[in-house]
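Chemist: Chains as they are written, first to last, in this note's numbering: chain A, 1 to 252; chain B, 1 to 252; chain C, 1 to 318; chain D, 1 to 318.
What the hints contain is simulated information worked out from the structure, not anything from laboratory work.
Note that the Cβ used here is the ideal one computed from N, Cα and C, for glycine as well.
Any given hint could turn out to be false.
Stated by the list, open to error - Pairs of lysine-lysine, DSS-like flavour, derived with a Cα cap of 27 Å:
id, chain 1, residue 1, chain 2, residue 2
1, C, K16, A, K39
2, B, K120, C, K104
3, B, K120, C, K156
To be verified - Restraint-style ranges between C-beta atoms, simulated for each label pair:
id, chain 1, residue 1, chain 2, residue 2, range
4, D, E221, B, D213, 44 to 50 Å
5, B, R155, C, E118, 20 to 26 Å
6, B, A18, C, T28, 55 to 61 Å
7, D, K156, C, R284, 37 to 43 Å
8, B, E232, C, E216, 51 to 57 Å
9, C, M1, B, P5, 47 to 53 Å
10, B, E232, C, R284, 51 to 57 Å
11, A, G116, D, G65, 25 to 31 Å
Residue strings, one per chain:
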Amino acid sequence: MSYSPAELLAVIAARQLAGVKSVFAGVGIPLLAAALAQKTHAPDLTIVVEGGSIGPELLPGRLPISTNEMRVAHRARVLPGITDTFLFAQRGFLEVGFVGGAQVDRFGNLNSSVVGSYDKPQVRLPGSGGANDIISLCHRVMVVTMHERRRFVPRVDFITSPGFLSGGTSRRDAGLLFGRVSQVVTNLGILGFDEESKAMRLEGLHPGVSVQDVVEMTGFDLLINDELPITEPPEEEELALLRGLDTERRFI
Amino acid sequence: MSYSPAELLAVIAARQLAGVKSVFAGVGIPLLAAALAQKTHAPDLTIVVEGGSIGPELLPGRLPISTNEMRVAHRARVLPGITDTFLFAQRGFLEVGFVGGAQVDRFGNLNSSVVGSYDKPQVRLPGSGGANDIISLCHRVMVVTMHERRRFVPRVDFITSPGFLSGGTSRRDAGLLFGRVSQVVTNLGILGFDEESKAMRLEGLHPGVSVQDVVEMTGFDLLINDELPITEPPEEEELALLRGLDTERRFI
Amino acid sequence: MEPGDFVEARRRLEAKARPGGVKLTSLTEAAGWVKDGDVVAIGGCCYSRTPLALLMEILRQERRGLTLARNLMCYEGEWFIAAQAVETVVSSWFAIGLPWGLSKVFRQAVEGGQVRYEEWSHLALGLRFRAGAMGVSFLPSLSMLGSDLMGVGSAKTMECPFTGETIALIPALFPDVAVLHVHRADRLGNCQIDGYPHMDVDIALASTTVLVTAEEIVSEEQIRSQPDRTKIPGFAVDALVEVPYGAFPHECYGLYEADFDHFDKYVAEGSSQGAEGVREYLDRYVYNTPDHKDYLSLFGAGTLDRKARDAQQLVGRG
Amino acid sequence: MEPGDFVEARRRLEAKARPGGVKLTSLTEAAGWVKDGDVVAIGGCCYSRTPLALLMEILRQERRGLTLARNLMCYEGEWFIAAQAVETVVSSWFAIGLPWGLSKVFRQAVEGGQVRYEEWSHLALGLRFRAGAMGVSFLPSLSMLGSDLMGVGSAKTMECPFTGETIALIPALFPDVAVLHVHRADRLGNCQIDGYPHMDVDIALASTTVLVTAEEIVSEEQIRSQPDRTKIPGFAVDALVEVPYGAFPHECYGLYEADFDHFDKYVAEGSSQGAEGVREYLDRYVYNTPDHKDYLSLFGAGTLDRKARDAQQLVGRG
Numbered sequence: 001m002s003y004s005p006a007e008l009l010a011v012i013a014a015r016q017l018a019g020v021k022s023v024f025a026g027v028g029i030p031l032l033a034a035a036l037a038q039k040t041h042a043p044d045l046t047i048v049v050e051g052g053s054i055g056p057e058l059l060p061g062r063l064p065i066s067t068n069e070m071r072v073a074h075r076a077r078v079l080p081g082i083t084d085t086f087l088f089a090q091r092g093f094l095e096v097g098f099v100g101g102a103q104v105d106r107f108g109n110l111n112s113s114v115v116g117s118y119d120k121p122q123v124r125l126p127g128s129g130g131a132n133d134i135i136s137l138c139h140r141v142m143v144v145t146m147h148e149r150r151r152f153v154p155r156v157d158f159i160t161s162p163g164f165l166s167g168g169t170s171r172r173d174a175g176l177l178f179g180r181v182s183q184v185v186t187n188l189g190i191l192g193f194d195e196e197s198k199a200m201r202l203e204g205l206h207p208g209v210s211v212q213d214v215v216e217m218t219g220f221d222l223l224i225n226d227e228l229p230i231t232e233p234p235e236e237e238e239l240a241l242l243r244g245l246d247t248e249r250r251f252i
Numbered sequence: 001m002s003y004s005p006a007e008l009l010a011v012i013a014a015r016q017l018a019g020v021k022s023v024f025a026g027v028g029i030p031l032l033a034a035a036l037a038q039k040t041h042a043p044d045l046t047i048v049v050e051g052g053s054i055g056p057e058l059l060p061g062r063l064p065i066s067t068n069e070m071r072v073a074h075r076a077r078v079l080p081g082i083t084d085t086f087l088f089a090q091r092g093f094l095e096v097g098f099v100g101g102a103q104v105d106r107f108g109n110l111n112s113s114v115v116g117s118y119d120k121p122q123v124r125l126p127g128s129g130g131a132n133d134i135i136s137l138c139h140r141v142m143v144v145t146m147h148e149r150r151r152f153v154p155r156v157d158f159i160t161s162p163g164f165l166s167g168g169t170s171r172r173d174a175g176l177l178f179g180r181v182s183q184v185v186t187n188l189g190i191l192g193f194d195e196e197s198k199a200m201r202l203e204g205l206h207p208g209v210s211v212q213d214v215v216e217m218t219g220f221d222l223l224i225n226d227e228l229p230i231t232e233p234p235e236e237e238e239l240a241l242l243r244g245l246d247t248e249r250r251f252i
Numbered sequence: 001m002e003p004g005d006f007v008e009a010r011r012r013l014e015a016k017a018r019p020g021g022v023k024l025t026s027l028t029e030a031a032g033w034v035k036d037g038d039v040v041a042i043g044g045c046c047y048s049r050t051p052l053a054l055l056m057e058i059l060r061q062e063r064r065g066l067t068l069a070r071n072l073m074c075y076e077g078e079w080f081i082a083a084q085a086v087e088t089v090v091s092s093w094f095a096i097g098l099p100w101g102l103s104k105v106f107r108q109a110v111e112g113g114q115v116r117y118e119e120w121s122h123l124a125l126g127l128r129f130r131a132g133a134m135g136v137s138f139l140p141s142l143s144m145l146g147s148d149l150m151g152v153g154s155a156k157t158m159e160c161p162f163t164g165e166t167i168a169l170i171p172a173l174f175p176d177v178a179v180l181h182v183h184r185a186d187r188l189g190n191c192q193i194d195g196y197p198h199m200d201v202d203i204a205l206a207s208t209t210v211l212v213t214a215e216e217i218v219s220e221e222q223i224r225s226q227p228d229r230t231k232i233p234g235f236a237v238d239a240l241v242e243v244p245y246g247a248f249p250h251e252c253y254g255l256y257e258a259d260f261d262h263f264d265k266y267v268a269e270g271s272s273q274g275a276e277g278v279r280e281y282l283d284r285y286v287y288n289t290p291d292h293k294d295y296l297s298l299f300g301a302g303t304l305d306r307k308a309r310d311a312q313q314l315v316g317r318g
Numbered sequence: 001m002e003p004g005d006f007v008e009a010r011r012r013l014e015a016k017a018r019p020g021g022v023k024l025t026s027l028t029e030a031a032g033w034v035k036d037g038d039v040v041a042i043g044g045c046c047y048s049r050t051p052l053a054l055l056m057e058i059l060r061q062e063r064r065g066l067t068l069a070r071n072l073m074c075y076e077g078e079w080f081i082a083a084q085a086v087e088t089v090v091s092s093w094f095a096i097g098l099p100w101g102l103s104k105v106f107r108q109a110v111e112g113g114q115v116r117y118e119e120w121s122h123l124a125l126g127l128r129f130r131a132g133a134m135g136v137s138f139l140p141s142l143s144m145l146g147s148d149l150m151g152v153g154s155a156k157t158m159e160c161p162f163t164g165e166t167i168a169l170i171p172a173l174f175p176d177v178a179v180l181h182v183h184r185a186d187r188l189g190n191c192q193i194d195g196y197p198h199m200d201v202d203i204a205l206a207s208t209t210v211l212v213t214a215e216e217i218v219s220e221e222q223i224r225s226q227p228d229r230t231k232i233p234g235f236a237v238d239a240l241v242e243v244p245y246g247a248f249p250h251e252c253y254g255l256y257e258a259d260f261d262h263f264d265k266y267v268a269e270g271s272s273q274g275a276e277g278v279r280e281y282l283d284r285y286v287y288n289t290p291d292h293k294d295y296l297s298l299f300g301a302g303t304l305d306r307k308a309r310d311a312q313q314l315v316g317r318g
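So here's chain A without its partners, still in its complex pose (with noise of 0.2 Å):
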């Protein structure tokens, strides 16, 4: 069976929402994934949207591409304030949430909003929209992204979504007393966190993965596992109805 690594992420990701009750999901792949773990492992999974809507379906072929707009309304059961979806988060609702970032940093900490300095950037990026809210706010957060050194770095030049903010007891030290950045699933990959330093940890490999290929992706020293189980390849029937939302290919 072959598969692109977007299919591989979005798969992986879809997994790791088995009986998870409620997702709080951008567009792409973390959105093809919420739908198609709904297909799957999670029935009673509710789908949340910060453009405000709760409960949408995708309607193949035409596919949203951003959070706010009709497409994510589609036979949604609530479209709630952008503010008041975000409360939901807050008050303590939504059970995962699904980010991305330009950078990751060995303590979770993404950056989507400057390479360089805030002030003079050498390349500016479109902003934290809800990844800061979403990391911040929900149970626990999963890290979706290509595994790419220059991604993975030792340290994010501006943290925009807090993960672990300096490892230990820092992120809860500063006023983040909920949630936590459960996992990073790459295409390359699971890692997770060491539950002590917070510092992050190689758990599991995908299918044709060595760990050396996982390290010379990572601008970091990564902790890494005693024991790495393989993960399962994507079965046919995931692929399928993955093809089935994303008919045009679009982000997969």
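Fit chains B, C and D to the supplied structure of chain A, relying on the hints for placement.
Modeler: For chains B, C and D alone, coordinates are given in the frame of chain A:
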């Protein structure tokens, strides 16, 4: 032209709304006064009722008896939540408010909570409802009440709704930066407050009422203006309009 | 839970694993979520959209030591006092309605010290629910500043760090249980309310457990066809029961007007006699009438239809 | 106005004597409310319900030194940068949309120091508008805590007086002008929005002056027949203009979908060439097309109808 004290109150209160754009009105005399003003001196008046109704019209014979029922929603233009309705006032959208109370003192403070002490009340009254908010948040507030000695007390037992507190700058010092009690309209006359001391002052008399009548019905030393204009009595048209609204004579 | 303790409130919500599926149940099971000593927030306002069917079932289950929180209390408050089910009332107003004067039952209970009345301004109580809904410990306001209400509950003042002015901090209220009545919901608990929304949405989001009666359970398709009318998301709801006329003889916007004749009767025969009079009323209307249809039949043939017509006229559909 | 200065914000509102009557006017007069240096808040979100007709008229009137505040900026932001009309952008995100990558115009302007980007989290910016709408100086939140965003704007932290925990205080934003596009309004400015409400209501209530375009001006009777659908009260509105397709080629829920083909064309012919390319686009679509009907005709026959059908299909009415 004969009229009841309640009719007099409603007509005088309505006249105070000349040119006003928005009024926060409770049921009974205030709502009747607002509706009358709309038909006479204040054609652009928007009536706001605390149950969450903007721009309702009264259905004669079906006058509301609470601020939160369908009768107050009749032909409304907006039906916001209750909290949002008060927040319109906090933001500064609402010009005039109406309040009443079981007791009013020489600084315009109102009590609708308890006679006696809060913890061991002699009479437990219903409580603030929106009165505290209206008097704290509208641009200016009119107290509309029957003039009785037991009601006009030197110091209210409990400040449910803050007038000028202990006078002078004390209202502002407490953080109430906006609004003020501008007038007290009673069945005997019209009262205001001294600019400096904020003590209550008689400023006008209704037809057939003497200063002595007012003094006797007031339980504290009242300032008295040198000039005391006599109120123009209710006109036939005003009374006809009013009686056309409250056809059952429920409030007038 | 202490006022404003958003940390504990969120922990309770997270610990709960609120079900994601079908919420339909019976009145008996729904009311069974309420425990002795709970803080119960009541939706609607005064005699509008009061969840009377659910409240009656809570009374039948003989809960004790409750705190009732509602922005304007109507006579349902007298019921809980007469049934000795309530210790504290958190409200901004407690009576029946202007024409019926002060509540004798309420006065006697508070003046006699059997019930504590924690009074807030109307906005302040609304902000307590809203702060809870937002998952924060407080909201700033000008409400209650300078008044003696500041000394009653747990509000604080502080110097605003942006303006230097004194502001009031109104602490969040996180009720244990919310009891609400809505116009329609799908089986997952996505609720639509017509007309006045009152404070129901904030109450639902602020509460650890949410019990809802709906005039009508409708298809998921119907909810999906007008998602911008859905006020309460299903993930906030624990139990849902279809109860037509579930607020009667209080009103439900557009569907039925309040039965003021019954209010007159309630006051004349029940409430004006004090707690004992209310208990006699409860015997007849609540304890001996466990089925809501039987209860409704006590209001006389034609009353429900007449009140439905009255409602349609008021909202311009008559 | 300093962030969070609710006192000054309210004084401006009170001083204004907002008209109580009919708000109907022309695009030219409506845009005339905007002054050089104003903070202009833009409704809708990204390419949904953007008030493009009004924004184009503001560009035609050649304002300078504006601050634009919008939760997610789409290419309208590039227009103001290319026209040298904007000094500061207050937002949580600025691009065109995922398929079109980073905004070259935005990058060059910010990296080159011509435009300051004040970045907030999406929720934090929403809370800024909401605090403004509520007439308070700030709202508490957990958003942005611990992140470097705390150092960008004017948010503060404090120890919560109820829980002792560190919380963020997000200061109110009181824009000088709000620019909004809605589905329908009566002539008094009572506005109804279908589908996503985005942040428009808070923006309207927070702003000193509120300019609205509506797809349709309807009778007061129609608004009164569904008052629970009215989102913005007329007393908050200063100027109102009927502009069908007033957000096109951005979308308007249920009425027309965004014209992504035009986005491709805009990027290929305009935006990808940098500010100069955008200026050429503006010459053609904005400066030389002062009438909105003429502007719409540039999109080709049949496009509007097709996008209307696409919208109906998406919302289940197709």
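Chemist: Now look at each hint and say whether the structure bears it out.
Modeler: Evaluation of the provided hints:
Among the hinted pairs, K16/C with K39/A is consistent with the structure: their alpha-carbon atoms are about 24 Å apart, no more than 27 Å. In summary, the hint linking K120/B to K104/C is supported, as the alpha carbons are separated by about 16 Å, within the 27 Å threshold. The suggested pairing of K120/B with K156/C holds, with an alpha-carbon distance near 23 Å, which does not exceed 27 Å. Roughly 48 Å separates the CB atoms of E221/D and D213/B, a value that falls within the hinted 44 to 50 Å.
At roughly 24 Å, the beta-carbon separation of R155/B and E118/C lies within the given 20 to 26 Å, and the hint holds. Evaluation of the 55 to 61 Å hint for A18/B and T28/C yields a pass: the beta carbon distance comes to about 58 Å. In this structure, K156/D and R284/C break the distance hint of 37 to 43 Å, their C-beta atoms being roughly 59 Å apart. Here the CB-CB span from E232/B to E216/C is close to 54 Å, well matched to the stated 51 to 57 Å.
Against the hinted window of 47 to 53 Å, the Cβ-Cβ separation of M1/C and P5/B comes to about 49 Å, which satisfies the hint. Here the CB-CB span from E232/B to R284/C is close to 55 Å, well matched to the stated 51 to 57 Å. Taking the beta carbon of each, G116/A and G65/D are about 27 Å apart, inside 25 to 31 Å as hinted.
In the structure shown, a violation is registered for the earlier hint numbered 7 alone.
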